[in-house]
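Each protein sequence line maps, in turn, to chains D and C. Using numbering that gives the first Met the number 0, the first residue of the first sequence is number 0, and each one after it goes up by one. Using numbering that gives the first Met the number 0, the first residue of the second sequence is number 0, and each one after it goes up by one.
Simulated from the structure, these hints should not be mistaken for lab results. Yeah, the Cβ is synthetic: ideal placement off N, Cα and C, and Gly gets one too. There could be a bad hint or two in this list.
[Unchecked claim] Cross-link-like lysine to any residue pairs, in silico, SDA-like; alpha carbons within 25 angstroms at most:
hint: 1; chain 1: D; residue 1: 84; chain 2: C; residue 2: 346
hint: 2; chain 1: D; residue 1: 184; chain 2: D; residue 2: 298
hint: 3; chain 1: D; residue 1: 84; chain 2: D; residue 2: 188
hint: 4; chain 1: D; residue 1: 184; chain 2: D; residue 2: 417
hint: 5; chain 1: D; residue 1: 84; chain 2: C; residue 2: 406
hint: 6; chain 1: D; residue 1: 84; chain 2: C; residue 2: 264
hint: 7; chain 1: D; residue 1: 84; chain 2: D; residue 2: 31
hint: 8; chain 1: D; residue 1: 184; chain 2: D; residue 2: 235
hint: 9; chain 1: D; residue 1: 184; chain 2: D; residue 2: 140
hint: 10; chain 1: D; residue 1: 84; chain 2: D; residue 2: 179
hint: 11; chain 1: D; residue 1: 84; chain 2: D; residue 2: 235
hint: 12; chain 1: D; residue 1: 184; chain 2: D; residue 2: 304
hint: 13; chain 1: D; residue 1: 84; chain 2: D; residue 2: 27
hint: 14; chain 1: D; residue 1: 84; chain 2: C; residue 2: 408
hint: 15; chain 1: D; residue 1: 84; chain 2: C; residue 2: 343
hint: 16; chain 1: D; residue 1: 84; chain 2: C; residue 2: 349
hint: 17; chain 1: D; residue 1: 84; chain 2: C; residue 2: 334
hint: 18; chain 1: D; residue 1: 184; chain 2: D; residue 2: 115
hint: 19; chain 1: D; residue 1: 84; chain 2: D; residue 2: 25
hint: 20; chain 1: D; residue 1: 84; chain 2: C; residue 2: 345
hint: 21; chain 1: D; residue 1: 184; chain 2: D; residue 2: 307
hint: 22; chain 1: D; residue 1: 84; chain 2: C; residue 2: 407
hint: 23; chain 1: D; residue 1: 184; chain 2: D; residue 2: 81
hint: 24; chain 1: D; residue 1: 184; chain 2: C; residue 2: 349
hint: 25; chain 1: D; residue 1: 84; chain 2: C; residue 2: 337
hint: 26; chain 1: D; residue 1: 184; chain 2: D; residue 2: 122
hint: 27; chain 1: D; residue 1: 184; chain 2: D; residue 2: 233
hint: 28; chain 1: D; residue 1: 84; chain 2: C; residue 2: 325
hint: 29; chain 1: D; residue 1: 84; chain 2: C; residue 2: 324
hint: 30; chain 1: D; residue 1: 184; chain 2: D; residue 2: 296
hint: 31; chain 1: D; residue 1: 84; chain 2: D; residue 2: 234
hint: 32; chain 1: D; residue 1: 84; chain 2: C; residue 2: 356
hint: 33; chain 1: D; residue 1: 184; chain 2: D; residue 2: 364
hint: 34; chain 1: D; residue 1: 84; chain 2: C; residue 2: 341
[Stated by the list, open to error] With the Cβ distance kept under 8 angstroms, some of the chain C side facing chain D (calculated, not the full set):
hint: 35; residue: 95
hint: 36; residue: 96
hint: 37; residue: 107
hint: 38; residue: 163
hint: 39; residue: 296
hint: 40; residue: 337
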Amino acid sequence: MTLPRLRVPPNYAGAACATLGVLLLTLPGLVWAAIGLELVALAFWLWARSLPDRGEQLARWGWLRRPPMALWLAAALFLALPELKLVFAPVASGPAGGPITPPAFMPAPLPVTRDPMLLLRTLASLAVLWAGLELMAALPLSRPFPDLSGPARPVGPWLTAILPVTGFLVLWRQAPVWTAAPLVKEIATLALMFAVVLAALRAFSRRSLTATLRWLVVYDSAMASLLVARDVVHGEVAALLWLGAAGGRLIALAAELRGQAVRRGARLTRFWRFAGWLAGASLAWPLLADAGFSGHQFHPVEYFVLAAPVLLASTLWLNRVVEAPERRAMARREDRAPRVSRLGGAATLLAGPAALVWAWRQGFHVSPVAGAAALLPMLLAGWPLRRLIPEPDASGVLRESAAAGPRDFALSTFRAVTVVERQLAAAIASVARALGAPARDLHSGDAQEYLLFLVGVAVLALLLPLLR
Amino acid sequence: MITWLALPAWVTGSAMFLAPLAALGAATLVRRAQARSRDTQPWLEAAVAGLTLVPLAVVVAWPAVLLPARAALVAGLSVALLAHDPRDLPQTEVALKIMWVLTAAFALSWAGDALLAMASGSARAREQWPALALALDPYALWSAALSLSLIAGLVLLGGAPFHFWPGDLFHGARAHVAPFVAATLQLAGAAWLLRHLDGIAAFNDAAMLVRSLLTLASAAALAGGAATLGYQTRPERRVGALVSLQGGLVLASLAAAPQREPFADHGGLALWAGHMLLAATGATLLSRFLPATAGPDERASVLFRRHPWSGVAGGYGLLSLAGAPGTPGMYLWLDVAREQPVHRRPGLLFGVMLAWLAAFAVAALEIRRAFGAPDGSPPPGQAVPRSLRTAMWLSSGSLLVLLWVWQSHRGG
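Extracted from the complex, chain D is given alone in its bound form (with noise of 0.2 angstroms):
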């Protein structure tokens, strides 16, 4: 049976189905999120395979597979087994007090006990923060990936940063999956908190904006998820959070890989440098000021582990969006100030406060002192910690000798945190390999073999009854 040809260009198949990917995950089901990652790795894979150096690009994206495994995982168990969504559902210990004081809940079980619809609700949950965060560069198998272009050469520098949003869309719409299940939340802070720090510091330690820019990206998901994991603001309040600060670094990544569009002009560059700026602050403030003061107290461990982050990816903003030069001789006036780029700045620069306005509808309450507190990374930012760090060139790249200091330790910092963790992923590797070794090598394929393990398995199963 032949059919009929269909010649679609890979860029354009890739790009569908990555587009379609990213519009499944919008949508709540664990099912549709699954088949979501699913074509979002297939775009991966269709791009990677059309490329000359594709033996590279094959392997370097050959791990995006994982995480829609994780969620199949899930989906799978829920599946199997519906009763598991009623496993961390609030169950009310006695009636409710009058008409307006609700029932008190009983908390919700730890998944140390005996019950083993316990362990695979948890067990699901995980396998869902899993996908999320491996998509975040948030665990150790995938962390370095916004370090690398990704496989479509036009736009290659600009796909990999579609990768933290798939992940922060996981996280955000499947939210009620794994924030039911205790510990999985603190596993989440913790995890989320740690790619949040290394973020920042490889942003800092990078010198081209591109890269810089897609690092922010993973640390802006990071955040977001942050607010969902601690259940800061509502979900939807989150996402708009996020989608102003992380959609503003993704415009400005890919005005940068078309004729830098977003530092076109000392106007356009300052308004770009604002908006970004508030869309930060936005997203940062409210987590800053729950981290920190929840529950009416000081937390200084969890302030300053974020305040550090976000001052440090503040200042970056600020600091290396820089007007670019203007190598034409007589610039077109759209170039000077493109449409696009100031509608993409307006949008930054209002969907930050426009979701805290929101949140504040909806019943967010942060007290003055909290309140002054979280925005002080924000301030010290612009001034004076801005002046410290040295500026770009005009291109956008940090020079080879600026602040060699500060960027070395970030550098090594980060460089470390991976090694070890590729050490460590290495070891449990070659130690499951260890053991699997003997499944291999289980059967030499002569006959005779075949007939003497048999008689093996016969003389366990004598002696397995006796030993029971």
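Here the structure of chain D is known, so what remains is to put chain C in place on it, guided by the hints.
Frame of chain D; chain C shown alone:
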């Protein structure tokens, strides 16, 4: 969950005949494509194969006929089918290996049966357990006899550590023979175990012992199968490893509920074997076109360059064998997974999950490798025989009907 169109009752009722009929059709097409010009008596060869395949297809459609003695007979018939052409050395070697192991396994099991009959005074399983429950015989005697009597079933199911024969079978036997032999041997294994455990609830100690043994066997089959799946070097052997995992699924189902027919919610053993027949047919045909050593960055095989949609049809069978989402095989894996916590075997559920993840990942990787990477070279001039491609379409189409039937059953 999408609720599909409800199917008429006769469609769901006749689904168990669909798979063997479609598989017979596919086998005929494959046989036609593989007919060799130097065959002196092609009609005789075809008649022998046909006369053997038809009874095997009947057994798949109607597994209730498989009493232990008939299970041995069916196994013998399968070995005879494999050995019928002495010029086909790889297939004959497979026949010898399987016969070698099955003879010993049946001998051990019949020894166990004889011991049980001596201990209980009856050769019927249903009468043995109440007699043994009187505790007139020593534990060591009946427990050893019971363990031995199950050996043939474990070997026939082909779960690890007996996963050598499905690998050898799909590697060495012809594409139209291997799925039938695998399905009937595994079906015979399942029937052997079910018949031997008939009425075992009457003797609680024996039921507990059997559950422990089957739990151990299924854990070994699932974990061992998952571990070896990644080490298989040839695509045909990967199909064999996936088939061996199906045996592990039956064991897990029996470990959860020893007296309940596995996959009872999805048509029982008949539809399970029918599904495996179809999926293995598609998968083994596909595997013959896949390169053994090519990396993912090398160009696609002939089938995928000339007829990519036919390759997709074959890939559907492979995915269904692995239980990938959107395939009928998924329902079988979900069925077994659902049974484990219900019957207090949650530990085995982890084994099922591990095996499913390994199977799905390997199948997806295999399909990616099959598509390879385009290198700009023109498609090969010689086409893949039409009958082979039709066989792949037939198996995948039948699998889709099976999916429809099960989806409709679930929705209803």
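Now for the hints, and whether the structure bears them out:
no., hint, result
1, 84/D / 346/C, "20 angstroms, holds"
2, 184/D / 298/D, "18 angstroms, holds"
3, 84/D / 188/D, "23 angstroms, holds"
4, 184/D / 417/D, "24 angstroms, holds"
5, 84/D / 406/C, "22 angstroms, holds"
6, 84/D / 264/C, "22 angstroms, holds"
7, 84/D / 31/D, "17 angstroms, holds"
8, 184/D / 235/D, "18 angstroms, holds"
9, 184/D / 140/D, "20 angstroms, holds"
10, 84/D / 179/D, "10 angstroms, holds"
11, 84/D / 235/D, "22 angstroms, holds"
12, 184/D / 304/D, "18 angstroms, holds"
13, 84/D / 27/D, "14 angstroms, holds"
14, 84/D / 408/C, "23 angstroms, holds"
15, 84/D / 343/C, "19 angstroms, holds"
16, 84/D / 349/C, "18 angstroms, holds"
17, 84/D / 334/C, "18 angstroms, holds"
18, 184/D / 115/D, "20 angstroms, holds"
19, 84/D / 25/D, "20 angstroms, holds"
20, 84/D / 345/C, "17 angstroms, holds"
21, 184/D / 307/D, "22 angstroms, holds"
22, 84/D / 407/C, "24 angstroms, holds"
23, 184/D / 81/D, "22 angstroms, holds"
24, 184/D / 349/C, "23 angstroms, holds"
25, 84/D / 337/C, "14 angstroms, holds"
26, 184/D / 122/D, "13 angstroms, holds"
27, 184/D / 233/D, "16 angstroms, holds"
28, 84/D / 325/C, "22 angstroms, holds"
29, 84/D / 324/C, "20 angstroms, holds"
30, 184/D / 296/D, "21 angstroms, holds"
31, 84/D / 234/D, "20 angstroms, holds"
32, 84/D / 356/C, "22 angstroms, holds"
33, 184/D / 364/D, "22 angstroms, holds"
34, 84/D / 341/C, "16 angstroms, holds"
35, 95, "7 angstroms, holds"
36, 96, "5 angstroms, holds"
37, 107, "5 angstroms, holds"
38, 163, "5 angstroms, holds"
39, 296, "4 angstroms, holds"
40, 337, "5 angstroms, holds"
In this structure, none of the earlier numbered hints is contradicted; all agree with it.
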